[in-house]
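Asker: So you can see what is in the structure, the chains are spelled out below.
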Amino acid sequence: MSAEPLAARTRARDPLVARRLRRLALHLVLLVVSLAMVVPFVWMILTSVKTEGDLASYPPHLLPQHWRWSNYSTALSYAPFGQYSLNSAVIAVSHTALNLVLASMAGYALARVPFRGRNVLFLAVLATMMIPTYSKIVPQYLIAKGMPFFGGNDYLGRGGHGWLDSWWGLIVPGALTPFAIFLFRQFYLSLPTELEEAARIDGMSEFGIYARVMTPLVKPAIATVALLTFESSWNNFLWPLIVTTSPDKRVLQVGLSSFQQSDQNAWAYLMAGTTMATIPMVVLFLFTQRYFVQGFANAGIK
Amino acid sequence: MAAPATQLARSGRDDPPRTARLGAGPRARRGSGPRQSRLARDRRRTAYLMLAPATVHLVWWIGFPVAATFVLAFLHYDVLAGTATFAGLDNFRAIFADSTWNASIWHTVVFTFFTVPVAMAIAVVLAVLLNNKMRGRAWYRAAIFMPHITATVAIALVWMWMFEPRIGILNTALGWFGVKGPVWLGDPSWALFAVIMVSIWKGVGIKMLIYLAALQAMPQDVYEAAELDGASKARTFWSITLPLLKPATFFVLVVSIIDSFQAFDQLYVLTPDGGPANSTTVMTYEIYSKAFKEFQMGQAAAMSVVLFAFLLVLMLLSRRLTGREDDVR
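Chains C and F are the protein sequences, given in the same order. When we follow our numbering, the leftmost residue of the first sequence carries the number 1, and every step to the right adds one. When we follow our numbering, the leftmost residue of the second sequence carries the number 1, and every step to the right adds one.
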């Protein structure tokens, strides 16, 4: 007797057992995949508290023989991770705040106010979302470099370094994402007209209607845009890499990459640094999963 | 940054009637008295003011730079002097005469060809599994998605440590099975494979999430009908789930190709300077190095144009591949 009819018969006779088995297999597969996803994080944290002896031992111990948490404070003096993190945080917070204000205003106008050319403008916003980073990065750099009157430049933007290696250059270009405009517009579109008309009859100004009546109603959009902006700004690498040269303007990701190139052997300190760079985002994600998932399912990509 | 392609197509078409209804409102349409027209003017003025900063920013940092890339590609541009002269096709001739650039195109294609389909296949299976109601579902989803929200640079450094040939965890684990692991990132024939592995690991989460969202929006009655007809799980997956996932697949494919062609961070960290014997240099790395190490802006812009052309063609191809336009919309 072949295996298949037998299996079919068992299933037919005892559907509960078959269902339990299938459930078990399902959990097993997902567990293995989840482990594969999490292993690098675990290995990173384990390495970050190892001593030199642990690191050098062959074959390596999986668990540290001695959990040396002081690696973290040593790492902070080994490379200026504190300064890097602060820079990253300042930039990420600025980007988040600016994006929320600029994109919500634009999204509101596109959603709620009729004017000629509105649809063309909205399509243009969509088009800018499609533009690949690498088809604009070179001129963006040149624009930053050629900013008139900044960084020793004359009125034509010549002679100095403009916005390069400055907070302006780090913050302004990334202060607005077209995706945020798009998301806000979709949320504002779904609000009822009655609210804004009632507010108008009460004599509220048009800007007041946006700021005090409509915007408090799109809190999920605010949360989603805030989290996605903070995340992509904190993790961003290419732009800070090309516009910064002095170490005190480096962000965490750039600092980490330069650490790796200067010192190959300090793995524990490096892993302490990468833990500081990744764990805040992981924690933020675990607590606000709903908004992240919602946002990413819409955005698809950062 | 890429767009939600499916939504784009949809909102682009559905938009006019909907916004016209919502925006103008019954009052504005009905009346044309002095009060209404003053109100409409007032609203428009506010709208323009609210749109101004965003519009200026988009034109300044996206619209103008994109146009400038295409102009710059045909110029000899001297960064120090700030002077430009017309170059014709010189920049394109120069880059294609460079064997490293040609190799980088090939590496980019290989990298994409392996990363995208493998990650998509894993993602769709995981999404279908996670679409079951079960205990711990949120935790599984969080674990699978976690690589996506962590900084590529940081996590690539962790992988670099895992790839360490002698005491790294990967070769240690292989040693348990009596396999002597390769030098990974130091070996020209393994380096690109190693980077592909990391990229698949990092890319599965977001694709899974988009598929999961699509699955949850699916009509349930089709599945009930299939169950009544006695269709097996595998059969249901191939004959119902996958065809229904076509729009999502198009979206994931486009987004993944754009993402994969622009992969930079993990390559920069794992295999600096183009990798051992330039075995992992990709188009993005060549653009980076041409523009910001050699300051050959014209040639870098020409490379950007080539990259752009590749993406455009691939996008049209994937539209063909995943079905007719009607399906997409």
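Check each hint, because a few of them may be wrong.
[To be verified] With a Cα cut of at most 30 Å, we get these calculated DSBU-like pairs of lysine-lysine:
no., chain 1, residue 1, chain 2, residue 2
1, F, 180, F, 293
2, F, 293, F, 133
3, C, 219, F, 233
4, C, 249, F, 180
[To be verified] Simulated DEER-style distance windows between Cβ atoms:
no., chain 1, residue 1, chain 2, residue 2, range
5, C, 32, F, 219, 53 to 61 Å
6, F, 219, C, 73, 33 to 41 Å
7, C, 167, F, 121, 39 to 47 Å
8, F, 173, C, 56, 13 to 21 Å
9, F, 138, C, 56, 17 to 25 Å
10, F, 78, C, 167, 26 to 34 Å
11, C, 59, F, 118, 39 to 47 Å
12, F, 294, C, 22, 14 to 22 Å
13, F, 294, C, 208, 12 to 20 Å
14, F, 125, C, 220, 28 to 36 Å
15, C, 22, F, 166, 26 to 34 Å
16, F, 179, C, 217, 27 to 35 Å
17, F, 80, C, 73, 50 to 58 Å
To be clear, the hints were calculated from the coordinates, so they are not data collected in a lab. Glycine included, every Cβ here is placed at the ideal spot set by N, Cα and C.
Asker: Next, verify each hint and record whether it holds.
Answerer: Hint check results:
Distance restraint check for residue 180 of chain F and residue 293 of chain F: the Cα-Cα separation of roughly 38 Å exceeds the 30 Å cut-off, and the hinted pair is therefore not satisfied. For the proposed pair residue 293 of chain F and residue 133 of chain F, the alpha carbon gap of about 52 Å is over 30 Å, so the pair is violated. Taking the CA atoms of residue 219 of chain C and residue 233 of chain F, the gap is near 40 Å; set against the 30 Å cutoff, the hint is violated. A hinted pair counts as satisfied when its Cα atoms are at most 30 Å apart, and residue 249 of chain C with residue 180 of chain F does not qualify at roughly 43 Å.
Range check, residue 32 of chain C to residue 219 of chain F: about 31 Å between beta-carbon atoms, so the 53 to 61 Å window is missed. For the pair residue 219 of chain F and residue 73 of chain C, the supplied restraint of 33 to 41 Å is violated, since their beta-carbon distance comes to about 57 Å. One distance hint, 39 to 47 Å for the beta-carbon pair residue 167 of chain C and residue 121 of chain F, holds here, with the actual separation near 44 Å. Separated by about 19 Å at the C-beta atoms, residue 173 of chain F and residue 56 of chain C satisfy the suggested range of 13 to 21 Å.
Distance hint check: the CB atoms of residue 138 of chain F and residue 56 of chain C are about 40 Å apart, inconsistent with the given range 17 to 25 Å. Roughly 28 Å separates the CB atoms of residue 78 of chain F and residue 167 of chain C, a value that falls within the hinted 26 to 34 Å. Between residue 59 of chain C and residue 118 of chain F the beta carbons are some 30 Å apart, a value that contradicts the proposed interval 39 to 47 Å. At about 58 Å, the beta-carbon gap between residue 294 of chain F and residue 22 of chain C misses the expected band of 14 to 22 Å.
Restraint check, residue 294 of chain F to residue 208 of chain C: a C-beta distance of roughly 53 Å breaks the suggested window 12 to 20 Å. For residue 125 of chain F and residue 220 of chain C, the hinted distance range of 28 to 36 Å is satisfied, since their beta carbons lie about 30 Å from each other. For the pair residue 22 of chain C and residue 166 of chain F, the supplied restraint of 26 to 34 Å is violated, since their beta-carbon distance comes to about 43 Å. Roughly 59 Å separates the CB atoms of residue 179 of chain F and residue 217 of chain C, a value that falls outside the hinted 27 to 35 Å.
The hint said 50 to 58 Å for the Cβ distance between residue 80 of chain F and residue 73 of chain C, and at roughly 44 Å that hint is violated.
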